[in-house]
Structures are given as C-alpha cells and as structure tokens.
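Below are the chains, spelled out letter by letter.
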Amino acid sequence: MDDVTPFLVLSAILFSIGCVGVLTRRNAIVVFMCVELMLNASNLALVAFAKHHGNLEGQVAAFFVMVVAAAEVVVGLAIIMTIFRSRRSASVDDASLLKY
Amino acid sequence: MIAFWVLAPVMVIAALGILFVRKAVHAALLLAVVMISLAMLYAALEAPFLFAVQIIVYTGAIMMLFLFVLMLVGVDASDSVVETIRGQRVLAVMVGGIFAVLLGVIVGQAGIGTAVGLGAANEGGNIEGLAEVLFSQYVLAFEATAALLITAALGAMVLAHRERLVPRETQADRAAARVRAYGEHGDHLGPLAAPGVYARHNAVDTPALLPDGSPAEQSVPTVISNRGTGRPSPSYRDVDRVVGQLQSRRDDQDPATDTVVEGSGSAARGEDA
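Same order as they appear, the protein sequences are chains Z and E.
Here my numbering is used: the first residue of the first sequence is 1, the next is one more, and so on.
Here my numbering is used: the first residue of the second sequence is 1001, the next is one more, and so on.
Hints listed in this document are in silico derivations from the structure and should not be mistaken for laboratory results.
Treat the hints loosely; a few may be bogus.
[Unchecked claim] Facing chain Z, from chain E, some residues (calculated, C-beta under 10 Å):
#, residue
1, Phe1004
2, Met1035
3, Leu1091
4, Gly1096
5, Ala1120
6, Asn1122
Ideal Cβ positions, reconstructed from N, Cα and C, are used throughout, including at glycine.
All chains should be modelled from the sequences, with the hints used to inform the complete structure.
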C-alpha cells in the first residue's frame, strides 16, 4: 500500500454524501449527523495525508477536529433540545420566526 | 489495502442509507457503522491512537449523546415529505453529485505519488510521537481546546437549564385538589379502577368491564388512550366481543326476566289487594 489516493477518493465521496444530507434532510438531528459525517470524512483525508507525508501533524490535526466536534455536538444538541422544548418540533423548517 | 476494499463499500452504502432512511434512530445506527469502519481505516493508515479515540469518542460518546437526544426529542420525530422549497431536493442531489465527481476526479488525477509511510515517524511509538508534536508545536492550540471544552460544557448546562416558573406541586396539593374536585363536581375520590384482567388479556391497555358489561374507559391509563393505541388494539376487539356476547345473552333472557318481574309484581299487588 503505497498510494493513499483511494482513501482520499472515499473521503471525497463521504463528504459529498454528508453535504447532500445537510441540504435535503429536514430533521435537525439528522442534519447534525450529516455534519458529523463531513467532519469524519475530512479526518480521513487528514490521516491519509499524514501517512502520505510520513508526518504525524496530520494525525494531530485530526485529533483537534475530534475535540472540536465533541464540543460542537454538545452545544448543538443542547440547542436542538431547547428549540424542541419551546416549539415541540425538531424540524429545521419550523424554526423560522426570524423570517417574518 | 484489503481492509479498504472491504470497508469502503460498506461505508458508502451506510452513508447513503443516512440520506434515505425515514427514522432518525436508523440514521444514527448507520452513522455508527460508518464511524467504526472509519476507525478500522485509521488502523490501516498506521494511526492506532486515532483508531482508539475514534471508537471511544465518536462511536462511544458522541453517538450515545445523539441517541439520548433522540430519546428525549422523540424517536418518531421523522422528516416531513413535503418540500418547502420546490425542486430543492433534486438540485441538492445534483450539486452534491457534481461536487463528488469534481472532487474525486481532481484527487484521482492529482497523482500525488507513493506515500512515504509513517514507519519512521512511528518508530518510538505512535502515541509518543503524537505527544511530542502536540505538547511542543501545538501546545497553545491544546490549551485553547481546554477553554473550548469548558465553554461547551457551560453552554450545554445553560441551554439545558430550565427555570421553575410555578412552585412544585406536592402530594398534599394533589390530595387537596382531588377533594375539591369531589366537592365541586362529584368526581370519584378514590383510586381509578385497575385495567381488566381476562383469560386472554391482562395488559394495561385492556379496559375493565363495568357491572353492566360496558368497558370502563377510565381504567385505561390516559397515556395509552392519548397515544391512540387503546381502541384498535386486539384486546379491545375482544372486549367488544365480550360486551356483544353479554348483550345478546341479556336480550335472550330479557323476556323471561320481564315476565318474572311482572309476575312477582302482580303477585305482590295481589297480596296487597
């Protein structure tokens, strides 16, 4: 295994699927899962490049992405919970008060 | 490379499944499949530390958090099928497809050459190597993540906190309200009747039968009747059948009982006369 191109292609595919999911799904929690999928895909690219360059900095970057993703999930899910509590809905279309 | 060719189709299919499944719980489980497969790929890419962290943090902590929130928000909070912006779904899929093809072609054509491999960098151990980079070059960023995590924890607590607007209802308050309801409307003071126990059903969604054979609606917990599972359930059909049988038996016996009552009545009247 001396070429990391397949890993990068897989990462690109997963990232695109996550993108489409964020654009098409209506449930806020599933949208959030798709964001996680995109973060994971970028992590895969980082780890693949770390192997390609023979340098551990890519893995450190992936580690930081994981830390930030953990913090993001905690706050994001708390926001979804708060919206659900006040509006009784987890759909991204229902939270449209600022529009009017 | 075998691991990659085995896991890559699984990951792509599971990721596509997230787009198509109706229930959010299924999407969460498919995402867990993708994340565990990703951990295997990290192991194949000579990143044992990230392999462990991926499983512990992502599939262990983050996915459990997702499932807990799904439990609180309601499992059946499924997507509506109606599009709010017309043609948005088709356009999104088209743009996503174009993006994937573009990215894939660019990466495929780039020809980045053979990988150096992490043999030299991992020589003193992967975790030791990571620690060296993390605590020398990126120590400031590491400290910043500490602040970030504390902020996130505080933010979650502030967002999840709910002020109590009305004082807590105690048992004495509930008892007083009950007695008041009895005095004003004549509501039943004691506990409600227990659900029915029959030869075929003793579930809580089966109503008890009143002496006249009609089902006692109040004996079914309000949660179940509100959820709408009471009426169409098979046990209710059995109750209806029992009620029907009792009704028909009573209809059969009615003339006889009527005559007996009339006879005794007339006899009593006759004695009086």
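Hints, verified against the model:
1. Checking Phe1004 (chain E) against chain Z: minimum C-beta separation of about 6 Å stays under 10 Å; hint holds.
2. Look at Met1035 (chain E): its Cβ gets to within about 6 Å of chain Z, closer than 10 Å, so that hint holds up.
3. Because the beta carbon of Leu1091 (chain E) sits about 8 Å from the nearest beta carbon in chain Z, less than 10 Å, this interface hint is met.
4. Residue-level restraint check for Gly1096 (chain E) holds (minimum Cβ-Cβ distance to chain Z is 3 Å; threshold 10 Å).
5. The interface hint given for Ala1120 (chain E) holds, since its Cβ lies 6 Å from the closest Cβ of chain Z, which is under the 10 Å cut-off.
6. Evaluation of the Asn1122 (chain E) hint against chain Z yields a held restraint, the C-beta minimum of about 8 Å falling below 10 Å.
Violated hints: none; the structure is consistent with every hint.
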